[in-house]
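Enquirer: Chain by chain, the residues:
Protein chains: 2
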Amino acid sequence: MKTNVKFYHAGCPVCEEANSELAAALDPARFAVEVVHLGRVPERIREAEAAGVKSVPALVMQGRVFHVNHGAALSDLKR
Amino acid sequence: MKTNVKFYHAGCPVCEEANSELAAALDPARFAVEVVHLGRVPERIREAEAAGVKSVPALVMQGRVFHVNHGAALSDLKR
Chain A
1 MKTNVKFYHA GCPVCEEANS ELAAALDPAR FAVEVVHLGR VPERIREAEA AGVKSVPALV
61 MQGRVFHVNH GAALSDLKR
Chain B
80 MKTNVKFYHA GCPVCEEANS ELAAALDPAR FAVEVVHLGR VPERIREAEA AGVKSVPALV
140 MQGRVFHVNH GAALSDLKR
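Residue numbers (the working numbering), protein chains in the order written: chain A, 1 to 79; chain B, 80 to 158.
What the hints contain is simulated information worked out from the structure, not anything from laboratory work.
Don't take every hint at face value.
Estimated spans, in silico, between C-beta atoms of each pair [what the hints assert, rightly or not]:
(1) Arg119(B) <-> Arg40(A): 42 to 48 Å
(2) Thr82(B) <-> Thr3(A): 30 to 36 Å
(3) Arg143(B) <-> Gly52(A): 31 to 37 Å
Sample of chain B residues at the chain A side, in silico, Cβ under 8 Å [stated by the list, open to error]:
(4) Glu96
(5) Leu101
(6) Asp106
(7) Pro107
(8) Phe110
(9) Ala111
(10) Glu113
(11) Ile124
(12) Leu138
(13) His146
(14) Val147
(15) Asn148
None of these values were measured; they are calculated from a predicted model.
We put the beta carbon where it would ideally sit given N, CA and C, even for glycine.
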């Protein structure tokens, strides 16, 4: 069974780069990556926060949060 | 041919987590990951800097730098 990974982003250039280069580089044999665009589904911001996400882009895997560079703070997405 | 990726770290807990969870999650069919412990090979700090690394842990892939969370600034490793 594959491990679920969530990649949260907001469509910013920093996010897109992390998506196309890093999230897409994960081993598809072991990981199922769900890409969540918080600008389009702001109702999932709370879920990201609960997972410990402070800024995007961020990868959440196995309960751990990896903030990748810095595109936008999660708080900025709520405005 | 596999794409070379460098994972720079300094042995800190934040680094170790990123190494075991994220760097190890990359697709081995497409990427060859070299793990570089800058605390042990400080002579490679310059190489990391030249690639654009500001802090560790960081992944360098295809000319792009992905700073992952924040373990230590590169400048702190030179002291």
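Enquirer: Hints first: check each against the structure and report whether it holds.
Expert: Cross-check of the supplied hints:
1. Evaluation of the 42 to 48 Å hint for Arg119(B) and Arg40(A) yields a pass: the beta carbon distance comes to about 44 Å.
2. Look at Thr82(B) against Thr3(A): about 22 Å separates their beta carbons, and that is not inside 30 to 36 Å.
3. Between Arg143(B) and Gly52(A) the CB atoms are about 24 Å apart, so this pair departs from the stated range of 31 to 37 Å.
4. Proximity of Glu96(B) to chain A holds as hinted, the smallest CB-CB distance being about 6 Å (cut-off 8 Å).
5. A cut of 8 Å between beta carbons decides the hint on Leu101(B): the least distance to chain A is about 5 Å, and the hint holds.
6. Interface restraint check: Asp106(B) against chain A, minimum CB-CB distance 4 Å, threshold 8 Å, status holds.
7. Taken as an interface hint, Pro107(B) checks out: its beta carbon lies about 7 Å from the nearest beta carbon of chain A, inside 8 Å.
8. A least Cβ separation of about 6 Å between Phe110(B) and chain A falls short of the 8 Å threshold, and the interface hint therefore holds.
9. Given the 8 Å rule on beta carbons, the hint for Ala111(B) is violated: about 12 Å separates it from the nearest Cβ of chain A.
10. At about 15 Å, the closest approach between the beta carbon of Glu113(B) and any beta carbon in chain A exceeds 8 Å, and the interface hint on this residue is violated.
11. Look at Ile124(B): its Cβ only gets to about 20 Å from chain A, farther than 8 Å, so that hint breaks.
12. For Leu138(B), the shortest C-beta to C-beta distance to chain A is roughly 7 Å, which falls under 8 Å, so the interface hint holds.
13. Restraint check, His146(B) versus chain A: the minimum CB separation of about 5 Å is within 8 Å; hint holds.
14. Look at Val147(B): its Cβ gets to within about 5 Å of chain A, closer than 8 Å, so that hint holds up.
15. For Asn148(B), the suggested interface contact is upheld, since its CB lies about 5 Å from the closest CB of chain A, less than 8 Å.
Figure legend: structure checked against the earlier numbered hints; hints not met, in rising order: 2, 3, 9, 10 and 11.
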